[in-house]
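Produce the entire structure from the sequences given, and follow the hints as far as they go.
Quick note, the sequences are listed as chains A and B, same order. Our numbering applies: residue 1 is where the first sequence begins, and numbers increase by one. Our numbering applies: residue 1001 is where the second sequence begins, and numbers increase by one.
For the record, the hints were derived by calculation from the structure and aren't laboratory data. Worth double-checking, as some hints may not be accurate.
Said to hold, decoys possible - Per label pair, the in silico range of CB-to-CB distance:
{"no.": "1", "chain 1": "B", "residue 1": "D1219", "chain 2": "A", "residue 2": "A25", "range": "31 to 37 angstroms"}
{"no.": "2", "chain 1": "A", "residue 1": "A25", "chain 2": "B", "residue 2": "S1034", "range": "27 to 33 angstroms"}
{"no.": "3", "chain 1": "B", "residue 1": "G1193", "chain 2": "A", "residue 2": "L42", "range": "32 to 38 angstroms"}
{"no.": "4", "chain 1": "A", "residue 1": "E9", "chain 2": "B", "residue 2": "S1034", "range": "38 to 44 angstroms"}
{"no.": "5", "chain 1": "B", "residue 1": "G1211", "chain 2": "A", "residue 2": "P193", "range": "40 to 46 angstroms"}
{"no.": "6", "chain 1": "B", "residue 1": "E1049", "chain 2": "A", "residue 2": "E213", "range": "52 to 58 angstroms"}
{"no.": "7", "chain 1": "A", "residue 1": "E9", "chain 2": "B", "residue 2": "P1166", "range": "43 to 49 angstroms"}
We treat Cβ as the ideally placed atom computed from N, Cα and C, and that holds for glycine.
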Amino acid sequence: MKRPPKDNEDSARVISRRAMLMGGAQMVFAGALVLRMRNLQLGQAEEFRLLADENRINIRLLPPSRGLIVDRNGTLLAGNVQNYRIVLVREDAGEPRAALERLAQLIPLSPDEIDRAEREIMRHRPFVPVTIVDQLNWEEVARVAANAPAMPGITPEVGFNRHYPFGAEFAHSVGYVGPVSEADLAARETPEPLLMIPRFQIGKIGVEREYEETLRGTAGHRRVEVNAVGREMRELDRQEGDPGSTLQLTLDRQLQAFTLARLGEDSAAAVVLEVQTGNVLALASAPSFDPNLFVRGISVADYGALRDNDHRPMSNKTVQGAYPPGSTFKMVTALAAFEAGLATPDERVYCPGYIEAAGRRFHCWNRGGHGRVNLTSALSESCDVFFYDMAQRVGIDRINAMAERLGLGIRYDLPLSGISSGLNPSREWKRERRGAEWVVGDTINASIGQGYVLATPLQLAVMTARLATNRAILPRLIHAIDDIEQPIPDQPPLGLSAAALAQVQRGMWEVSNAQRGTAYGSRIVDANLRMAGKTGSSQVFSITAAERAAGVRRQDQLPWNRRDHALFVCYAPDTDPRYAVSVVVEHGGGGSSVAAPIARDIILAAQSGGLPPIEAYPQPQRNRIETMMRTISEQIGPAVAPPTGRSRA
Amino acid sequence: MSYLEYNVKRSPSGFRKVLHVNWALVLLLAAVASIGFLQLYSVSGGNFERWTEPQMQRFALALAVMFAIGFVPLWFWRSLSVMAYGVSFVLLLGVEFFGSVGMGAQRWLELGPIRLQPSEMMKIAIVMMMAAYYDWLDIKRVSHPFWVLVAVALILVPSFLVLIQPDLGTALMIIGAGGMVMFFAGVSLWYFGGVIGAGAGLVTLVFASRGTSWQLLRDYQFRRIDAFLDPSLDPLGSSYHINQAMIALGSGGWSGRGFMQGTQSRLNFLPEKHTDFIFNTLAEEFGFIGGIFLLTLYVGIIVTCVIAAMQSKNRYASLLILGIAGNFFLYFAINMAMVMGLAPVVGVPLPLVSYGGSAMLMILIGFGLVQSACIHRPREKA
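Structure follows, in structure tokens:
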């Protein structure tokens, strides 16, 4: 049908009007879009720019290199060794299993390790580098590097691992590091971000733990640009961290090695102090363990073996072990009596082999009795009755005070783990902890270091150093931090009466130098090196009536864990004391037969600065000693530098 | 209207048609497409083969199709209008039953090597159909309720088919394009006022019901609306994408961060950076100036079309041109509103800029019809 012209004009007019209307509406909408763009891009640009930067910039921490630990002569005790590892990036390597099998032709990889590595790879996003193996040696890494073009996505990398070049020798004192655990994080209120780095290691025991903050250093950081899935695109800037401080210990590596080797297979502890300064020169707890096992995470089997060993290798017996000091405590009792004026140095006491007190009979170790003894002979022959008598005169209060003056019952502030304060019993202590009153029998037991009295080998060494110097020596383990020498603690005079102390020292001298002395067998014949000491054999269990009836008369007929502890404390040289040594052999039997020879060897080694000179030993013993020293010297070897690369275990 | 109605003698023919091509429109389209090439090159990180090259080839092809359609006289296309609508409608039904599922929605038919997206075809067909309908209808009856109902049915039935695919964006665009042709044809404004009023009333009612005993939507549906209205409420959830898009746009500032320097797009924080959200990469790298420039080109295309429609004295031609232009406006307006956080994300590409051949072909087919109308406009003899 044909449209009349009028219609056409109407139509065109309507369309034009409506087109202008709609066009206007569309312009308004476009205007709204412009306004919105203005608001976002001009009004809030800064805000959005910031958000865009937050998106793209990540801050990654750079772990600092851990501070070194060296001995008094600068020998490295804990260092960082380069650790070569192989890293795989899935998106470059292609199919992980095929890549791993190619790798297995170059370096030893068990099927188990391949399976584990494959699982680990598949757990991460394809661009995340995953460590396949570490602790590789240089030859293995070189093989992989040489074949790198044939193996895309597989690259050798260098990291640093803590390494303890002397292994077991410093396991208890230096300690070890290990991966940060949940418990480590929970123990800190606000854990440093550094600790969140995977595989980051912190000190777990010993100096490594107690000086963690000093050794750790401060983290560096780098700013990197990342994309939406977190892949690193490029590094924007980098600031290296500050390495941790170097710690110089007072320990002497040579002496420590000798001391630990000399303790041998026994469950034993020995401490060597420099008496003028309190410097701890050796701190040996046997048996020990290899701290390197803990650095990468110890295997269940290795850990089980350490945990189930009845000689407790993981315990640092020098400060954690609290033992009845036995006769090594007798100096305390004697000095308490003299200082109180309740006995004179020349006073004699008759020893019939026992004493009757509080309705009980207390035996001397020598059941036949020592006859008439004075202080020096009571010490040198270790007569118990003499000290029972003294104890009844002075009472526990004065013994307790004297023990404290000599450094027992005190928890020394050394950077070691689990330090025990021992036990220096008093009336209050018994009332509080045992709910009973102190009785005179307790005093008699305490007078010979039995009963409630407990002391650690470190405390016994401190006591010996104080007896040798008449000053309040305090032990010291950290010599310098970053070459800044740490102060030696104040050593105020103890103020013991010179005459009484001289008598006690005379008695200790006779122990190892007079024919009747309990440690005469362990005498030193070189007059310049002679030692003064005191034996101790502290009962753990009494020999029971049943055992006696079965014919058990001697310690070595008892099962190991029922035998007496063997103790010996000494200082040398006798005229001008420089070193104090304490030795405790758990269930060793007798102090004179077991602990004293060990202490003699150690104090001779300390004085000579190497192996003990053979001329210092009595002629008849020299052959036996020489054989033993040869074995030890082979065992400890010469001082060695830490290796740069380690073979995989 | 028939062939005879065209005053053939007064319409350009033969090679003279080239002179009467609306070259301003061609230039504007080519300029917009070039911005697309530039941004595709940028977001691919300088990889020409990845997106830019195929996009250029498609544009060249689609431009050829546009000229081919443009040189065919308009009466031919007019007589094809009903058929185009009918075919598109049948194909839409076909998609329901035989369609392939892609991206979670049934959208295309596999006919041998050809992939047909009937919903895209319907965007053009609805404009042709409605223009033909109002060209046929007596002007006096345009606002008669019956004839309005017929038009509404012609629009809503295919829209419904698209909606259940489900493709909300395209359904809205079909409704919008059809509605615009009704508007241009002179349907009484009361109808439009009524629809807008009813819609506004419904929205008010829904929001008023919130928290009352007669709540009309479920809680999670309200929460989605909240997340749209304020994307920062749920930064890692459903609004992660729109948040990242806004960051890209906003961080561009006045003049942008420079070509290929946009961190949001380069580092993949921006989703769909080469398709729906390509405007944000432009705004990030060229800033407010770049965004305004593109918007100006788009507005220029609309203005050119409106002028062409007003020059044409033919009812079908005018309605067709305005309908196609309206459809084009809906494309960029919905997309820009969406990427600026003014509208929910419904998946409408930025016309001629977003990567993708199907939408580009349909848009240039539409402009081919516009060219046909421009070229074959009866002119006074010189």
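Against the structure, the hints:
1. B:D1219 / A:A25: 31 to 37 angstroms: Given about 35 angstroms between the Cβ atoms, the range holds.
2. A:A25 / B:S1034: 27 to 33 angstroms: Cβ of A:A25 to Cβ of B:S1034: about 29 angstroms, so the range 27 to 33 angstroms holds.
3. B:G1193 / A:L42: 32 to 38 angstroms: Since B:G1193 and A:L42 have Cβ atoms about 36 angstroms apart, the given range 32 to 38 angstroms holds.
4. A:E9 / B:S1034: 38 to 44 angstroms: Holds, since A:E9 and B:S1034 (Cβ atoms, about 41 angstroms apart) stay within the stated range.
5. B:G1211 / A:P193: 40 to 46 angstroms: Hint holds: Cβ distance 44 angstroms, inside 40 to 46 angstroms.
6. B:E1049 / A:E213: 52 to 58 angstroms: holds, 56 angstroms
7. A:E9 / B:P1166: 43 to 49 angstroms: holds, 45 angstroms
Going down the numbered hints, you'll see the structure goes against none, and every one checks out.
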